[in-house]
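Just so we're aligned, residue 1 is where the sequence shown starts under the numbering used here, counting upward by one.
Keep in mind the hints are simulated off the structure, nothing from the lab.
It cannot be assumed that every hint is accurate.
[Claimed, not checked] The calculated label-pair distances, taken between Cβ atoms and stated as ranges, are:
1. Arg27 / Ser87: 16 to 22 angstroms
2. Arg101 / Lys76: 18 to 24 angstroms
3. Gln80 / Arg101: 32 to 38 angstroms
4. Ser47 / Gln80: 27 to 33 angstroms
5. Ile82 / Ser47: 22 to 28 angstroms
6. Gln17 / Thr50: 26 to 32 angstroms
7. Ser84 / Pro10: 16 to 22 angstroms
8. Ser31 / Ile61: 32 to 38 angstroms
9. Leu32 / Lys8: 30 to 36 angstroms
10. Ile96 / Pro10: 21 to 27 angstroms
11. Arg101 / Glu44: 24 to 30 angstroms
Computed from a prediction, not measured in an experiment: that's the story for all the values here.
Every residue gets a Cβ at the ideal spot worked out from N, C-alpha and C, and that includes glycine.
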Amino acid sequence: MAQCDVYKNPGSRTSKQAPYLVEIQGRFVDSLATCVVIPLVCKEYFSGATVLNPVVLVNGIEYLLSTAEITAVLRKILGQPISSVQSQRTEIIAAIDRLLR
Numbered sequence: 001m002a003q004c005d006v007y008k009n010p011g012s013r014t015s016k017q018a019p020y021l022v023e024i025q026g027r028f029v030d031s032l033a034t035c036v037v038i039p040l041v042c043k044e045y046f047s048g049a050t051v052l053n054p055v056v057l058v059n060g061i062e063y064l065l066s067t068a069e070i071t072a073v074l075r076k077i078l079g080q081p082i083s084s085v086q087s088q089r090t091e092i093i094a095a096i097d098r099l100l101r
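Kindly produce the complete structure, drawing on both the sequences and the hints.
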């Protein structure tokens with residue numbers, strides 16, 4: 001698992017609106033059973049603020065990072081990453097920073 005890896009959302013109630021989760025936790029806490037993620041929400045279900053909810057591309061499709069819904073999940077439920085958004089790390093970190101100000 002690496003920061004900015006993307007996983008399919010295993011939540012049956014939430015996966016239609018937010019099909020993916022982005023891991024944002026740094027590697028220094030890999031020993032924990034949980035990791036911190038942010039949902040990627042389909043644009044038709046959500047309209048957000050540019051800095052707080054940047055557009056994130058997964059397999060060529062645009063999703064909005066739902067930064068305010070940051071949460072921790074058990075690592076074992078995530079499975080294998082399906083993609084990485086490492087190239088958008090700067091925007092993701094800026095969104096987290098904006099949330100915490």
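Original post:
Any of the earlier hints contradicted here, and which numbers?
Top reply: 2, 6 and 9
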